[in-house]
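According to the working numbering, the sequence shown holds residues 1 to 139 in order.
There could be a bad hint or two in this list.
[To be verified] Lysine to aspartate or glutamate pairs mimicking EDC-like chemistry, simulated, CA-CA at most 20 Å apart:
#1 14 <-> 104
#2 14 <-> 93
#3 80 <-> 17
[Stated by the list, open to error] Cβ-Cβ distance ranges computed for the label pairs, FRET-style:
#4 24 <-> 69: 18 to 28 Å
#5 108 <-> 69: 18 to 28 Å
#6 95 <-> 40: 17 to 27 Å
#7 7 <-> 78: 27 to 37 Å
#8 93 <-> 26: 35 to 45 Å
#9 48 <-> 85: 27 to 37 Å
#10 30 <-> 93: 32 to 42 Å
#11 14 <-> 108: 17 to 27 Å
#12 40 <-> 3: 11 to 21 Å
#13 91 <-> 47: 15 to 25 Å
It should be emphasised that the hints constitute simulated quantities derived from the structure, not laboratory data. All figures in this text were calculated on a predicted structure; none of them were measured in a lab. We treat Cβ as the ideally placed atom computed from N, Cα and C, and that holds for glycine.
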Amino acid sequence: MDLTRYQQLRPQIKTGDLLGFQGEGLLSKAIRLRSRFSHVAMLLRLPIGSQPRIMIAHAIYPRGVVFDWASEYLRTYKGKGHWIALRHHVLAEKWPGYPIRLIDFMAGRSGADHEPRWPYDLRGLVSYVLQFIKHRKAA
Numbered sequence: 001m002d003l004t005r006y007q008q009l010r011p012q013i014k015t016g017d018l019l020g021f022q023g024e025g026l027l028s029k030a031i032r033l034r035s036r037f038s039h040v041a042m043l044l045r046l047p048i049g050s051q052p053r054i055m056i057a058h059a060i061y062p063r064g065v066v067f068d069w070a071s072e073y074l075r076t077y078k079g080k081g082h083w084i085a086l087r088h089h090v091l092a093e094k095w096p097g098y099p100i101r102l103i104d105f106m107a108g109r110s111g112a113d114h115e116p117r118w119p120y121d122l123r124g125l126v127s128y129v130l131q132f133i134k135h136r137k138a139a
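Take these sequences, add in the hints, and give me the full structure.
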């Protein structure tokens, strides 16, 4: 998704929607052999000033969950981004306090202090890639 498309969709974006990314790097391409997206971020619509601001919450190695402005991240991302709108009425029915509780949940897992409560699983990622390579060679 380029910035022009993002600006068109921006008024419709709600907290909890997702951005799926299809990166151009080698690791991203390897991940996309088994998945549509190589990276996923949750969108957060924040009432800041006269116009709401859109942030993304996503996991980055080695910091864990971090927050970035959606427009800045999309401007510099090498690859494609895809907006995935959720059915918010269903979430609101099943999760009282949605979307505020969702923002609190993500903020509680932030790696902003460089001591992530939920660190990125590098060992799991390497294991996944090695198993995938081994499986591909056997096929």
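Structure-based check of each hint:
no.: 1; hint: 14 <-> 104; verdict: holds, 15 Å
no.: 2; hint: 14 <-> 93; verdict: holds, 16 Å
no.: 3; hint: 80 <-> 17; verdict: holds, 17 Å
no.: 4; hint: 24 <-> 69: 18 to 28 Å; verdict: holds, 21 Å
no.: 5; hint: 108 <-> 69: 18 to 28 Å; verdict: holds, 20 Å
no.: 6; hint: 95 <-> 40: 17 to 27 Å; verdict: holds, 19 Å
no.: 7; hint: 7 <-> 78: 27 to 37 Å; verdict: violated, 20 Å
no.: 8; hint: 93 <-> 26: 35 to 45 Å; verdict: holds, 42 Å
no.: 9; hint: 48 <-> 85: 27 to 37 Å; verdict: violated, 22 Å
no.: 10; hint: 30 <-> 93: 32 to 42 Å; verdict: holds, 38 Å
no.: 11; hint: 14 <-> 108: 17 to 27 Å; verdict: holds, 20 Å
no.: 12; hint: 40 <-> 3: 11 to 21 Å; verdict: holds, 20 Å
no.: 13; hint: 91 <-> 47: 15 to 25 Å; verdict: holds, 19 Å
The structure is inconsistent with the numbered hints 7, 9, although it conforms to all the rest.
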